[in-house]
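Heads up: the protein sequence lines correspond to chains A and B, in order.
Just so you know, we're using this note's numbering here: the first sequence kicks off at 49 and counts up by one.
Just so you know, we're using this note's numbering here: the second sequence kicks off at 31 and counts up by one.
FYI, nobody ran anything at the bench for these hints, they're computed from the structure.
For glycine and all other residues, C-beta sits at the position ideal for the given N, C-alpha and C.
One should not assume that every hint holds.
Said to hold, decoys possible - A few chain B positions that, by computed beta-carbon distances, are all more than 10 Å from chain A: (1) 76; (2) 88; (3) 191; (4) 218; (5) 224; (6) 250; (7) 314; (8) 420.
To be verified - In silico EDC-like pairs for lysine to aspartate or glutamate, Cα to Cα no more than 20 Å straight-line: (9) A:246 / A:236; (10) A:246 / B:409; (11) A:310 / A:265; (12) A:246 / B:344; (13) A:299 / A:131; (14) A:322 / A:160; (15) B:231 / A:254; (16) A:310 / A:242; (17) A:310 / A:296.
Said to hold, decoys possible - Some but not every residue of chain A turned toward chain B, in silico, with C-beta under 8 Å: (18) 69; (19) 70; (20) 71; (21) 72; (22) 91; (23) 95; (24) 119; (25) 151; (26) 170; (27) 260; (28) 261; (29) 290; (30) 292; (31) 307.
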Amino acid sequence: MNTTAAAATTGITTALIAEDEPLLAAALRNDLAALWPDLQLLPLQADGRSALEAALALRPQVCFLDIRMPALSGLDVAAALAEDWPEQEPAAPFPLLVFVTAYDQYALQAFEAQAVDYLVKPVQRERLAACVARLQQRLADRAPQRDALAQAVDQLRHLLGQAAPPAAPRLQVIQAQVGATVHLVPIEQVLYFEAADKYVRVITAEREHLIRLSLRELLPQLDPAVFWQVHRGTVVRTAAVASAHREDSGKVTLTLTGRPEKLVASRLYAHLFKGM
Amino acid sequence: MAAEMNPLSRHGVSAHARLQAWRESPLRLIAYELKIGLPLCSAIALFLTIVFNDSFLDNLVFSLCIGLMIQGLIEVGRIALAAWLLRRRQAGAGEGGEGGEGGDAALHNSWPGWPLMLPWILLSVVLGYTVGSLLASALTGHQHLQRLFFGASLRPLAIIGSLVIVVSTGTSYLFYVRGRMAAFESAAAAASRAAAETQLKLLQSQLEPHMLFNTLANLRVLIGLDPPQAQAMLDRLIAFLRRTLAATRNERHALADEFEALGDYLALMGVRMGARLQPRLELPAELRGVPVPPLLLQPLVENAIKHGLEPQVEGGRLEVQAQRAGDRLRLRVRDTGVGLSAAAANAGTQFGLHQVRERLATLYGTRAQFTLLPAADGEGGAEALIELPLEPAP
Chain A
49 MNTTAAAATT GITTALIAED EPLLAAALRN DLAALWPDLQ LLPLQADGRS
99 ALEAALALRP QVCFLDIRMP ALSGLDVAAA LAEDWPEQEP AAPFPLLVFV
149 TAYDQYALQA FEAQAVDYLV KPVQRERLAA CVARLQQRLA DRAPQRDALA
199 QAVDQLRHLL GQAAPPAAPR LQVIQAQVGA TVHLVPIEQV LYFEAADKYV
249 RVITAEREHL IRLSLRELLP QLDPAVFWQV HRGTVVRTAA VASAHREDSG
299 KVTLTLTGRP EKLVASRLYA HLFKGM
Chain B
31 MAAEMNPLSR HGVSAHARLQ AWRESPLRLI AYELKIGLPL CSAIALFLTI
81 VFNDSFLDNL VFSLCIGLMI QGLIEVGRIA LAAWLLRRRQ AGAGEGGEGG
131 EGGDAALHNS WPGWPLMLPW ILLSVVLGYT VGSLLASALT GHQHLQRLFF
181 GASLRPLAII GSLVIVVSTG TSYLFYVRGR MAAFESAAAA ASRAAAETQL
231 KLLQSQLEPH MLFNTLANLR VLIGLDPPQA QAMLDRLIAF LRRTLAATRN
281 ERHALADEFE ALGDYLALMG VRMGARLQPR LELPAELRGV PVPPLLLQPL
331 VENAIKHGLE PQVEGGRLEV QAQRAGDRLR LRVRDTGVGL SAAAANAGTQ
381 FGLHQVRERL ATLYGTRAQF TLLPAADGEG GAEALIELPL EPAP
């Protein structure tokens, strides 16, 4: 049987459920317990950020991610997992991801195209049983860990590309407020943007400013030919990147002209820096 | 409202379509012109035969030659002038050109207006009469023009002159009225299309699939877990759907109905969000009967949840308040969610707000105000405020 095969190769299979609606989370938990008795379910997570932290700490083999969640969406969690998943320990391969959504027409098409598992709410038993069978199959003949991660990164790259918000009017000047003063920073002077909690750090050659905006809100207002997202928390001016050095982990270290510090391009964006 | 508008729109659309097809075929235009011109000319010939007691055949030849010549001149001029004016107006539209919707619609129906048409009709009459009677003279051998102008009596000149002027102007007036009617019809069709579109949008935003399927998913779970609560939730959903459908058909309902609809919606959301949603509805008894546009507050409450409270891990409070301020009705939707700057990037927010603004503008013009601002009391979140003229309860 697949279940025993999976358990034999990886020990106990663990799964994480991230869902903000308590009833739906409990129901998915019960159904999974009935369909897959050997599966060890980790504590429920009701928002994206706790789900990300729990997944990184507990390294489940399977993650059920609701798309619309507080703090971080299911897609954001997946992207962050792909960026931060440690590769050194062979005991923890990248988890199999199952997205759960009530109605996201475009997301569903994207999942279909990327052959990512997804469930549509209300989740029906038969559909969940099929999903469980597929997960067990994939756990049983699981590809070596590096390939699993590479495959996930590849799928997510496409998913995130399709889920990107439409372009907004281009920002010409950054208005950064400090107390009662507003500093005007022409966009041409910005070398890179870095997310810092609810703020974004705006770094120029001489100084840095804080703006009260998330990177997600900022991105559609930037020219994608001029600024590249290289990490979920970093957007850099391509002209300011002097060199890119590929690490063993799959990450890429960027050296800048005009700034001493180095930036990291995550696995999801490392493909942007390839020799011609 | 829908029931009243639909027959009109159907009529309007088919008239418009007919007009379109008619406009596209020159042969049909000529056939149409002849359908008016031939009987008219025959009638005139008969009339002249009776008045002057001469040959009907000769009169018919003259009448047809002159009449169709004049009609042709008037019609070609009418269409050409209207097309010319339309082109000029469209070219000038960039600099905020003059002319209202009605004028434009008339131009689209080939009516350039009386100031241009009257001189053109007179010119067409003189020209058409001369050329037409010369042609008829060549056909019949009668020197009609010489007899008319150099004859012994002024009576034929007076009779024929006034006849031609009256008939020409009258026929043109017929086209004018027809054009006006077509313009009115297309304007009415456009208005009913806009109304239907608003209704559809309202319905779509009410029956937002994400909300609906999540609610059904919760309901499905509850059926197995807690049948009485499942039944209560289903009743809420039924009430919500019924009210939604009713609301898209009425122009006003009582404020108490509005609050009950919000209550149903919030109860459904409450099952889903649990303690993360703390709703508080405040409706003074004296305002219960005040008429308001149905589901006006709904998109604001939805936005407050979707963009304010749902993204916030700990959830928060949602307050809906109605207040009387003199002769104004003040409606307030406030949440303690993540606030406007965080929600600003989300394109979804704009649609609901746009809808509220548009409805207020259509129903009240400048007499209604709508603002959406960060809540000012330091607890965070957003506050939407609507001010309407207070209408007396029916």
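Hints, verified against the model:
1. 76: holds, 71 Å
2. 88: holds, 76 Å
3. 191: holds, 67 Å
4. 218: holds, 35 Å
5. 224: Fine: 26 Å to the nearest Cβ keeps residue 224 (chain B) off the interface.
6. 250: Given that some Cβ of chain A is not farther than 10 Å from that of residue 250 (chain B), nearest at about 4 Å, it is violated.
7. 314: Per Cβ check, residue 314 (chain B) is outside 10 Å of chain A; nearest 34 Å; holds.
8. 420: holds, 38 Å
9. A:246 / A:236: Violated, at about 24 Å.
10. A:246 / B:409: holds, 17 Å
11. A:310 / A:265: Answer violated: residue 310 (chain A) to residue 265 (chain A) is near 24 Å, above 20 Å.
12. A:246 / B:344: holds, 16 Å
13. A:299 / A:131: Roughly 9 Å between the alpha carbons, so the hint for residue 299 (chain A) and residue 131 (chain A) holds.
14. A:322 / A:160: violated, 29 Å
15. B:231 / A:254: violated, 50 Å
16. A:310 / A:242: holds, 12 Å
17. A:310 / A:296: holds, 17 Å
18. 69: holds, 5 Å
19. 70: OK, holds: residue 70 (chain A) within 8 Å of chain B, min 5 Å.
20. 71: holds, 5 Å
21. 72: holds, 6 Å
22. 91: violated, 16 Å
23. 95: The hint holds - residue 95 (chain A) has a Cβ within 8 Å of chain B, the shortest such distance being about 4 Å.
24. 119: Because about 5 Å separates residue 119 (chain A) from the closest Cβ in chain B, which is inside the 8 Å limit, the hint holds.
25. 151: Because about 4 Å separates residue 151 (chain A) from the closest Cβ in chain B, which is inside the 8 Å limit, the hint holds.
26. 170: This interface hint holds because 4 Å falls under the 8 Å limit.
27. 260: holds, 6 Å
28. 261: holds, 7 Å
29. 290: violated, 31 Å
30. 292: violated, 29 Å
31. 307: It is violated, given that the least Cβ distance between residue 307 (chain A) and chain B is near 27 Å, above 8 Å.
Hints 6, 9, 11, 14, 15, 22, 29, 30, 31 from the earlier list are contradicted by this structure; the remaining hints agree with it.
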